[in-house]
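**Student:** Sequence:
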Amino acid sequence: MAGDVPMSPELEQIDSEIHDIFRALANGFQKLDKIKDPNRQTKQLEELTGKMRECKRLIKEFDRELKDEESRIPPEVHRQLNEKKQSMVAMSNQELITAGRKQIDETDQAIERSKMVVEQTIEVGTQTATTLKGQTEQMGRIVNELDTIQFSIKKATQLVKEIGRQIVNPNNKNIRDIPGLAPPAPTARRLLSTRALDTWHTGWF
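Take the sequence shown: its letter number 17 is residue 17 in UniProt numbering, and every next letter is one higher.
Careful, some of the hints might be misleading.
[Stated by the list, open to error] Distance ranges between label pairs, derived from CB positions: (1) R79 <-> T49: 29 to 37 Å; (2) K36 <-> T130: 31 to 39 Å; (3) G134 <-> Q30: 49 to 57 Å; (4) P38 <-> P75: 46 to 54 Å; (5) A90 <-> E47: 19 to 27 Å; (6) Q30 <-> N93: 32 to 40 Å; (7) Q13 <-> N82: 12 to 20 Å; (8) D37 <-> P9: 37 to 45 Å; (9) S71 <-> Q30: 40 to 48 Å; (10) E46 <-> N93: 17 to 25 Å; (11) I35 <-> E69: 37 to 45 Å.
[As the list claims (entries may be wrong)] Calculated lysine-lysine pairs in the DSSO-like style (CA-CA distance at most 30 Å, straight line): (12) K56 <-> K67; (13) K85 <-> K67; (14) K43 <-> K60; (15) K34 <-> K56; (16) K85 <-> K56; (17) K31 <-> K60; (18) K36 <-> K51; (19) K51 <-> K67; (20) K85 <-> K31; (21) K51 <-> K84; (22) K51 <-> K34; (23) K67 <-> K34.
No lab work stands behind these hints, which were simulated from the structure alone. Note that the structure is predicted; figures quoted are calculated from it, not measured. For each residue, glycine too, the CB sits at the ideal point set by N, CA and C.
Given only the sequences and the hints, what does the whole structure look like? Please build it.
**Tutor:** Next comes the structure, spelled out in structure tokens:
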């Protein structure tokens, strides 16, 4: 706005546009503080950056117009307009600093989010590796136990067959002895001779 400083219509128009942008920037940065979604934050920053570029362009245009009118306006008015221009430049730079800080904050937040994702991925990978290792060891034990059971079943089956064969045909010499079992006791009876029996009777009576 022109305020108390007299301006030409051209300068007044540029000044009005610049102040409109400053108000939009102030509102935009307040809105940015309330946005939590990273994607929306990025979009809002892009819009604010575009407004700041337009603001700088208008300030340069204001400066060119001021130089063109320098010979037609009183020195005091020119000094005031020049101070106004410097004030607008300072405001623009402050907005740039604010935007820069916002972008740095956003970048830091993005880095922190990425670090968290990496840490979580590593943690999940470690847990998965530990789980897989445990499962592999468990599967190995199960396989070993199954092998032992299978061997025991085969051994027991063979033992039952051998016992069955010996029961059916105890005199078969081709049947091998069963491991862990004593061979069957002989079934033949010892017959005492008559002489030995007589000797036993004589000694008794």
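**Student:** Next, verify each hint and record whether it holds.
**Tutor:** Results of checking the hints against the structure:
1. At about 32 Å, the beta-carbon gap between R79 and T49 stays in the expected band of 29 to 37 Å.
2. Under the hint 31 to 39 Å, the C-beta atoms of K36 and T130, about 35 Å apart, fit the expected range.
3. About 54 Å separates the C-beta atoms of G134 and Q30, a value consistent with the hinted range of 49 to 57 Å.
4. Taking the beta carbon of each, P38 and P75 are about 52 Å apart, inside 46 to 54 Å as hinted.
5. Checked against the hint of 19 to 27 Å, the pair A90 and E47 passes, with Cβ atoms roughly 22 Å apart.
6. The supplied range of 32 to 40 Å is broken by Q30 and N93, whose beta-carbon atoms lie about 19 Å from each other.
7. Under the hint 12 to 20 Å, the C-beta atoms of Q13 and N82, about 18 Å apart, fit the expected range.
8. Between D37 and P9 the beta carbon distance is about 44 Å. The supplied range of 37 to 45 Å therefore holds.
9. At about 42 Å, the beta-carbon gap between S71 and Q30 stays in the expected band of 40 to 48 Å.
10. Against the hinted window of 17 to 25 Å, the Cβ-Cβ separation of E46 and N93 comes to about 19 Å, which satisfies the hint.
11. Our hint of 37 to 45 Å for I35 and E69 holds, since their Cβ atoms are close to 42 Å apart.
12. Proximity of K56 to K67 is assessed by CA-CA distance (about 17 Å); at most 30 Å being required, the pair is judged to hold.
13. Among the hinted pairs, K85 with K67 is consistent with the structure: their alpha-carbon atoms are about 11 Å apart, no more than 30 Å.
14. Of the pairs offered as hints, the one joining K43 and K60 holds, with about 26 Å between alpha carbons and a cut-off of 30 Å not exceeded.
15. For the proposed pair K34 and K56, the alpha carbon gap of about 26 Å is at most 30 Å, so the pair holds.
16. Under the criterion of a C-alpha separation no larger than 30 Å, the hint pairing K85 with K56 is consistent with the structure, at around 11 Å.
17. Among the hinted pairs, K31 with K60 is consistent with the structure: their alpha-carbon atoms are about 28 Å apart, no more than 30 Å.
18. Annotation: proposed proximity of K36 to K51 holds, straight-line Cα distance about 22 Å (limit 30 Å).
19. Annotation: proposed proximity of K51 to K67 holds, straight-line Cα distance about 24 Å (limit 30 Å).
20. About 27 Å separates the Cα atoms of K85 and K31, which keeps this hinted pair within 30 Å; it holds.
21. A threshold of 30 Å between alpha carbons decides the hint, and for K51 with K84 the separation of about 20 Å falls inside it, so the pair holds.
22. With a C-alpha separation of about 19 Å, the suggested pairing of K51 with K34 holds against the 30 Å cut-off.
23. Of the supplied pair hints, the one linking K67 and K34 is violated, its CA atoms being roughly 42 Å apart against a limit of 30 Å.
Hint compliance for this structure: hints 6 and 23 are not met, and every other hint is.
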